[in-house]
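Sequence lines, in order, name chains L, X, H and F.
Numbering that gives the first Met the number 0 puts the first sequence at residues 0 to 291.
Numbering that gives the first Met the number 0 puts the second sequence at residues 0 to 291.
Numbering that gives the first Met the number 0 puts the third sequence at residues 0 to 291.
Numbering that gives the first Met the number 0 puts the fourth sequence at residues 0 to 291.
A few of these clues could be false.
The list treats identical chains as one, so a pair stands whether inside a single copy or across any two.
[To be verified] Derived lysine-lysine pairs resembling DSBU-like cross-links, with alpha carbons at most 30 Å apart:
#1 Lys247 x Lys129
#2 Lys129 x Lys32
#3 Lys205 x Lys32
Keep in mind that the hints were calculated from the coordinates and are not lab data.
There are 4 protein chains.
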Amino acid sequence: MTIRLGPNQYGKSETHMLRVTKGGPFGSVHAIKDITISVALVGDFAGSHLTGDNSNIVPTDTQKNTIFAFAKDEPIGEIEEFALRLGRHFAHDFPAVQRSRVSIEEYPWSRIDVNGQPHPHSFVRTGTEKRLATVTCAGDAEYVVAGLSDLVVLKSTGSEFFGYPRDQYTTLAETHDRVLATAVVARWRYGQPSVDWADAFVATRKQLIETFASKHSLALQQTLYAMGEAALTARPEIAEIRLSMQNKHHYSVDLAPFGMDNQNEIFYASDRPYGLIEGTITRDDDSADAAW
Amino acid sequence: MTIRLGPNQYGKSETHMLRVTKGGPFGSVHAIKDITISVALVGDFAGSHLTGDNSNIVPTDTQKNTIFAFAKDEPIGEIEEFALRLGRHFAHDFPAVQRSRVSIEEYPWSRIDVNGQPHPHSFVRTGTEKRLATVTCAGDAEYVVAGLSDLVVLKSTGSEFFGYPRDQYTTLAETHDRVLATAVVARWRYGQPSVDWADAFVATRKQLIETFASKHSLALQQTLYAMGEAALTARPEIAEIRLSMQNKHHYSVDLAPFGMDNQNEIFYASDRPYGLIEGTITRDDDSADAAW
Amino acid sequence: MTIRLGPNQYGKSETHMLRVTKGGPFGSVHAIKDITISVALVGDFAGSHLTGDNSNIVPTDTQKNTIFAFAKDEPIGEIEEFALRLGRHFAHDFPAVQRSRVSIEEYPWSRIDVNGQPHPHSFVRTGTEKRLATVTCAGDAEYVVAGLSDLVVLKSTGSEFFGYPRDQYTTLAETHDRVLATAVVARWRYGQPSVDWADAFVATRKQLIETFASKHSLALQQTLYAMGEAALTARPEIAEIRLSMQNKHHYSVDLAPFGMDNQNEIFYASDRPYGLIEGTITRDDDSADAAW
Amino acid sequence: MTIRLGPNQYGKSETHMLRVTKGGPFGSVHAIKDITISVALVGDFAGSHLTGDNSNIVPTDTQKNTIFAFAKDEPIGEIEEFALRLGRHFAHDFPAVQRSRVSIEEYPWSRIDVNGQPHPHSFVRTGTEKRLATVTCAGDAEYVVAGLSDLVVLKSTGSEFFGYPRDQYTTLAETHDRVLATAVVARWRYGQPSVDWADAFVATRKQLIETFASKHSLALQQTLYAMGEAALTARPEIAEIRLSMQNKHHYSVDLAPFGMDNQNEIFYASDRPYGLIEGTITRDDDSADAAW
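Isolated chain L (complex conformation):
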């Protein structure tokens, strides 16, 4: 049996760039965009693998330079737009490249208020959440996946867990009142090319959070599905959403040895192990695996 090269890709990962845009009178009002960009290319790179022939290898250093130059050349816009610009360049301007994937993480900042007035050029980092975009370009096909990560939400009641099968290793007690806390990674694929990226992101995020809050939960799976369903119901441009939700266990502390009755008030927050619930909610059978 011959040994041969299988699927492969390469690129520059985690170029961290700050883009300052200067507007207003005399350019004195600034806006910032703080993003990390990762590029991965698929193509005819066998020469490099087999003989060290790099004639098809766009250096990852060039990829980094391209990011900076593109950011200067035109406004970045929303991260989906910037990923599309970069992705099309890499996929179309180099004959050896068959597919590009550009992934961007955006970090949230707010303008600082001073004496109640927005400051023209000072900002504070707000939140742990990241906004995500992943664009895949392959020939004429383009896929845009938006998303968010590090969204941590918690319900202090309104969550049950019962009715599960029991075997000889089951010790968990059924509960009709527990804390439900989760770190959400949500990524959704747009099924149409023309989308108001900013509006769709804000609205989808809002659906996810409000559904988590308001859905009475019999299982984290049920909550996950409801969140995805709400997103797809609200936003027709979304074809599919994939959710990964870490069940951050909060254990009710037994205070009986101290003569106290813990009525789900005192919890120990555990780091590991944790449950991990992952699911896809989709609109139809067009799964578009090439987008992921």
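Mind docking chains X, H and F on chain L? Use the hints.
Relative to chain L, chains X, H and F alone:
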């Protein structure tokens, strides 16, 4: 020369607790407090070190239990208050303990709005910042240090750096326009026992952020001092503030090879190395080293 | 278009277990195994998602208990064997489960020598590398993927990079002498059911490291392929290997401003961005995607 | 009460440098040193804080350049020597600087063997442990503190914990057989200027590890003291050692619900909370606080 035991301490670190408080009609409106508590005790522990005699050693497991029981017994209140309650217990109720130090980190959460209405029991983690309190109890003396960490702020202009000495290893160009970004750790000691902890925290944080924003900076040192000075000026209950500010370098990218003129618009955000600026701003000579 | 549930899975992640085995006279000679186990199940879980009916949901808490009980019940053996035992149980003993995946990370420890003699029950953690196993069971099919992560290797010469295409964004100079450093994640699928897991792991690891060292490199891609090819050549039981190698850039520092000539002696080790090179080396067309 | 500047310092932190030294015939045999250097300066920096006058501020960028130039200028030697060279330069060559502190972390690498022969220029990262040095220069005074961090050791028996006081919050059972695992940070101050740094480091590390292994433990405090005492007994050049040891709890899993008797074989490794035991073992009353 005899070998002997010098200064020593021990305790339970990073007990992560969620406290749910239930109010409103039928207890249906919940509030949460999400904190990590660390305890360190100084005392007559030589027996444990020298012979394994643990008769003076309050087990760290007991310390953990005490945290949970105290959280149930009375409202936690502000983290300074909870640290005081715990600290006094450890320092006063165990004859062998000479000094207790209780440090608390609090994580920020916001209530989720659903359809514009605050949800009674659903929350979203907001922000990377942590609120800090460290209480030290030693006999009759008590020290309260409040603070915050992971406050990341950035100015896209309004920062210069020039006039520094040059030697044979200096290559840095002077600048009259640079990005100034920093991760702030601020800890301040209260000089009086009775403080409105919540109000003082919010006001001090506001002073730090607004001063960072509005102070034209000739050095990160100057910004640091101005921030501390503003805090002490605004809040007479603060005796001293210690600031540690990581200078998160943003390097302007050279776009000249691509025929572009980068007018401080495109920056590469570097992870390491970084500058680290640390300073104390104090009101008088009462430095109270025992508090830190 | 109907909204529906797509692919989904769930399980308990990162159960961290220490297994002590006691042998020798009076059980006085101990051996330890320090592993983290993650379980993911695929099956008929739509009820939980759609209505909160958990009658098919093996609780993740039960999964954790099962890990502990199985570890007691029989010797763990190599991590591939333990993953197979757990994976078969989850896949075969619960009618609703169609596929199980059990992933194990093992942390390396060495016995401590005291006065040149191996101590019977004292150990020191050695190395950052982790040994990996992932077993997938689906009906009669079983897939075993072994591997390692966090293997960091470096060559201070014997690495070149030239002959790549240049465009308007290329500034990188060609080099015939550079530092090549990489963090390797390698995962390989065994193509036959009966393998001497320990021997195959040790031999494959050795092939990877020795090939990295001895292969003159014209590209990290070439090094990657050579490493995989060596593994497949040496071990017929391996059907396929997937390598992910982070190019940890070391930049030669320009010392000319200080009147010094840096002959590739002084390097700045950069954290980000980094190149990321990924590739599969396979023996034939049997790609067995279900294993990954 | 006047607001004024108190203690302050600044410097460049975490410059990560690889130094390649080329020896043997035609420079073909390489050695590497992989270190991260942090500098902190104390001095007359009030001008920068108060008015932004940087005439006394050696730029942190210059500090970084100096590290690279010094590494080229002479062999680095042991990290204590390199820290001394840098520290003396910063403390003595700039009138405004009153005290310098240079801290170095060194990462362990081993030469790769290929076919049983050491390779001339290929290396593998070995171990999580870091070797540490901190040098403080203030006028004529010089302090050298060596150390190590991330040393993780474990005993599967030979550890007890009993005889501690019990109060209403105590639930911990006394034990005569438990797992003792700890992550050690050890830092020791040399009391004399002329030391064989490498030999002293290796011998001290060996004392720490062998004492951990062989000392029957009634408390982690007792183990800590014994480790420090062994180091001071073996190495007269050490004046004082400070140990910080995280008690990494391993909880014996209750297998009784599964009809199994867990004879300290199956443990759950917990992340948080953890005990933290810290202590100083010293030779005399010369505590030299200025060194730390």
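How the hints compare with the structure:
no., hint, result
1, Lys247 x Lys129, "both (19 Å within a copy, 19 Å between copies)"
2, Lys129 x Lys32, "both (12 Å within a copy, 24 Å between copies)"
3, Lys205 x Lys32, "both (22 Å within a copy, 24 Å between copies)"
The structure meets every hint from the earlier list without exception.
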